[in-house]
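Undergrad: Take the sequences, apply the hints, and build the full model.
2 protein chains.
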Amino acid sequence: MSNSLAVDDVYKTLKEHLPEDKFKELEGVLYGYNCGSPVQSISIPQKLLLLAQSEDFDIQAYRFTAAKEQLREPRIVRLGLIQNSIHAKTTDPVATQYAAIERRIETLIDAAAEMGVNVVCLQEAWSVYYVLFRTCSHPPTAMPFAFCTREKQPWLEFAMDAETGLATRFCQRMAKKHNMVIVSPILERDATHGDVIWNTAVIIGNQGNYIGKTRKNHIPRVGDFNESTYYMEGDTGHRVFETAFGKIAVNICYGRHHPLNWMAYGLNGAEIVFNPSATVGALSEPLWAIEGRNASIANSYFVGCINRVGTESFPNEFTSADGKPAHKDFGHFYGSSYFGGPDASRTPGLSRTKEGLMVAEVDLNLNRQVRDKWGYQMTARYPMYADFLREYKEPDYQPQLIRDPGLGK
Amino acid sequence: MSNSLAVDDVYKTLKEHLPEDKFKELEGVLYGYNCGSPVQSISIPQKLLLLAQSEDFDIQAYRFTAAKEQLREPRIVRLGLIQNSIHAKTTDPVATQYAAIERRIETLIDAAAEMGVNVVCLQEAWSVYYVLFRTCSHPPTAMPFAFCTREKQPWLEFAMDAETGLATRFCQRMAKKHNMVIVSPILERDATHGDVIWNTAVIIGNQGNYIGKTRKNHIPRVGDFNESTYYMEGDTGHRVFETAFGKIAVNICYGRHHPLNWMAYGLNGAEIVFNPSATVGALSEPLWAIEGRNASIANSYFVGCINRVGTESFPNEFTSADGKPAHKDFGHFYGSSYFGGPDASRTPGLSRTKEGLMVAEVDLNLNRQVRDKWGYQMTARYPMYADFLREYKEPDYQPQLIRDPGLGK
Chain A
1 MSNSLAVDDV
11 YKTLKEHLPE
21 DKFKELEGVL
31 YGYNCGSPVQ
41 SISIPQKLLL
51 LAQSEDFDIQ
61 AYRFTAAKEQ
71 LREPRIVRLG
81 LIQNSIHAKT
91 TDPVATQYAA
101 IERRIETLID
111 AAAEMGVNVV
121 CLQEAWSVYY
131 VLFRTCSHPP
141 TAMPFAFCTR
151 EKQPWLEFAM
161 DAETGLATRF
171 CQRMAKKHNM
181 VIVSPILERD
191 ATHGDVIWNT
201 AVIIGNQGNY
211 IGKTRKNHIP
221 RVGDFNESTY
231 YMEGDTGHRV
241 FETAFGKIAV
251 NICYGRHHPL
261 NWMAYGLNGA
271 EIVFNPSATV
281 GALSEPLWAI
291 EGRNASIANS
301 YFVGCINRVG
311 TESFPNEFTS
321 ADGKPAHKDF
331 GHFYGSSYFG
341 GPDASRTPGL
351 SRTKEGLMVA
361 EVDLNLNRQV
371 RDKWGYQMTA
381 RYPMYADFLR
391 EYKEPDYQPQ
401 LIRDPGLGK
Chain B
1 MSNSLAVDDV
11 YKTLKEHLPE
21 DKFKELEGVL
31 YGYNCGSPVQ
41 SISIPQKLLL
51 LAQSEDFDIQ
61 AYRFTAAKEQ
71 LREPRIVRLG
81 LIQNSIHAKT
91 TDPVATQYAA
101 IERRIETLID
111 AAAEMGVNVV
121 CLQEAWSVYY
131 VLFRTCSHPP
141 TAMPFAFCTR
151 EKQPWLEFAM
161 DAETGLATRF
171 CQRMAKKHNM
181 VIVSPILERD
191 ATHGDVIWNT
201 AVIIGNQGNY
211 IGKTRKNHIP
221 RVGDFNESTY
231 YMEGDTGHRV
241 FETAFGKIAV
251 NICYGRHHPL
261 NWMAYGLNGA
271 EIVFNPSATV
281 GALSEPLWAI
291 EGRNASIANS
301 YFVGCINRVG
311 TESFPNEFTS
321 ADGKPAHKDF
331 GHFYGSSYFG
341 GPDASRTPGL
351 SRTKEGLMVA
361 EVDLNLNRQV
371 RDKWGYQMTA
381 RYPMYADFLR
391 EYKEPDYQPQ
401 LIRDPGLGK
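Chains A and B supply the protein sequences, listed in that same order.
Take the first sequence: its letter number 157 is residue 157 in UniProt numbering, and every next letter is one higher.
Take the second sequence: its letter number 70 is residue 70 in UniProt numbering, and every next letter is one higher.
Among the hints, a few may not be true.
Copies of the same chain are indistinguishable here, so a pair counts whether it falls within one copy or spans any two.
Below, in silico cross-link-like pairs of lysine-lysine (BS3-like), each with a Cα-Cα straight-line distance of 30 Å or less [unchecked claim]:
#1 Lys328 - Lys409
#2 Lys22 - Lys12
#3 Lys373 - Lys393
#4 Lys354 - Lys176
#5 Lys15 - Lys176
#6 Lys47 - Lys354
#7 Lys22 - Lys152
#8 Lys324 - Lys68
#9 Lys68 - Lys328
#10 Lys176 - Lys409
#11 Lys373 - Lys324
#12 Lys373 - Lys152
#13 Lys409 - Lys177
#14 Lys15 - Lys354
#15 Lys22 - Lys354
#16 Lys177 - Lys373
#17 Lys22 - Lys328
#18 Lys47 - Lys12
Hints are computed from structural coordinates only; laboratory data are not their basis.
TA: In structure tokens, the structure reads:
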């Protein structure tokens, strides 16, 4: 896959080319029926549309609705996803670059605030990998994702303390300014535990306070992505954070391939689970719209999936572990950030090539309504699976296998 | 949703209306890249195409490929899915109707044999619900799915012994005739355990021998579908059947909403998991293409999902438990049977309105190749989740919840 994509926006492409009646029907099937019809567009102020045009980012906003209840008021919150990129030359001094990326994120968070967003999630390790060369036909593009290089320097210099690091302090200022919960995924340096590195998300409360952190539970060892060169499996379990705008959790990147991980956040009470990711087209694009949505369905909660955009190149050659010659290109991050609802409805995705802000207004009451309707939690038979996994984890586990006697010995 | 669907075949509709370059790209994204490109069509003999036309059923065939290995020969098998309907008047005597449905299934299994199919799976409770009224604009349509009625008579008369019942004996003849493994989902009467009923799949070996049975693990209590009126949660665990053509398991219908159920079949060694289902459009169509595929991805095995077709009506009114007046219509079964591969590739779906035979040629070696590449099993941290579920299943479980101190008491 290259920068010259034939399709920048899947939803718009379908809408543009299909006859209206066929589009209408397929929209329902492919994007889900939220209370009878697909999620509805929310109008975006002209001022923001102009800003998005001049600043070259995609902006989209949708509403998920729920039934009215007698005893609970609707619990309406607006959620935001930001997919972004660098905005200074990669050869500039680090301080200059950090200031530039802060400015860009500030613009996007300010735009989210204009849309009334209450909880925003930034992309995986948003503030960290901003000092690499890049080869790209249309700036701005994504920040390079350095884990393919296996190099420890200079990348690990950009890890920071979760509670006191630059990115956290910046997000605290923004959170306070906008009365907004901010989820800030960073590379964490854990000075109190042997200086080890973690892939961590920091949760900042709407008053600008540090609520806590949660670490990436599942670490890929896939081709370019052996991230365990840098950090290991998280030790924070499946924390859920109760904020002023709902109970949120963060399933970072590769954890989205693990249904048990999604499940545990749900069983701890998460109403919204964010999945900040960095993943490229040839590897995972067919999985992208499946896994997040399946999680939202199976666990009856809202999911917000974020992926970066752009094609990146590194200064030193590296192997992809796929039999090809060493090379400097990593692949195309295809953006496509989206929200999925518990009722299998979803928003369209953001652009596959541009930065963007995705906004969803949700009524958190929908989660319990769907649980009552589908009953997955009631019919899940957790004790059976607790027993199953207890037995399965033993090295001498005997699978429940019935062999056709006709096969002989 | 009514019988007059604007889209009978999603894949063909996209192919027909999208510009070629956009279709090509979206095909890769939506249907997956199997070893670099979407699954390939297999040519169907002219004789079969004519039969499908004259007998009015859809027939499609595709190939999933895998990399060549040095020490393992390719393990090529052909799999089949049949979505079918009744073929006698619902007011005919039961014996007449059973003979008619047998003839129809025989035609479809014979067609599968012509395509070289080694393992075929029939739809949920295929031989049972064939004695109801139906209102349908274009016969043949699906067999009615009687669980919405809550009536015990006459439906429970059609339950049969798994090992000796009519459907099993028929499948044994067909299996022997074609050297074919047949998965036969039936309604089972368990005379040795208090005459209780189960929703069961019987596995017939390619020599016509009875290998065993496996029961539906998760039972819906969703609107019309409170099937626990008739049978309860299965007690056969997560059996996997080693046949001449691979290790297979059967996740019946509602079990597809449960990731742990899919997982357990995979951990017991399943290479192919069938999901015979009966589900209607307004309820579940947006979930259909998500859940089976997610299972194939998360568990690195092949999945074959089957759904019946047609719109049905029952003689006595029943409530849908959705606040609407009692009524006789159940909804539209949308067919769309398909195969998903471990690498996120999938076949198109069969027709949303017609009976059909879906054939997939797979190289079972692909499963382990994908496991080696993605490493989900290695990175799954099963012991952590065994502990998690052990704690979670206790009534006094305390979720791992961190409350924003700024929220006050």
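Undergrad: Name the hints, by number, that the structure is in violation of.
TA: 1, 5, 7, 16
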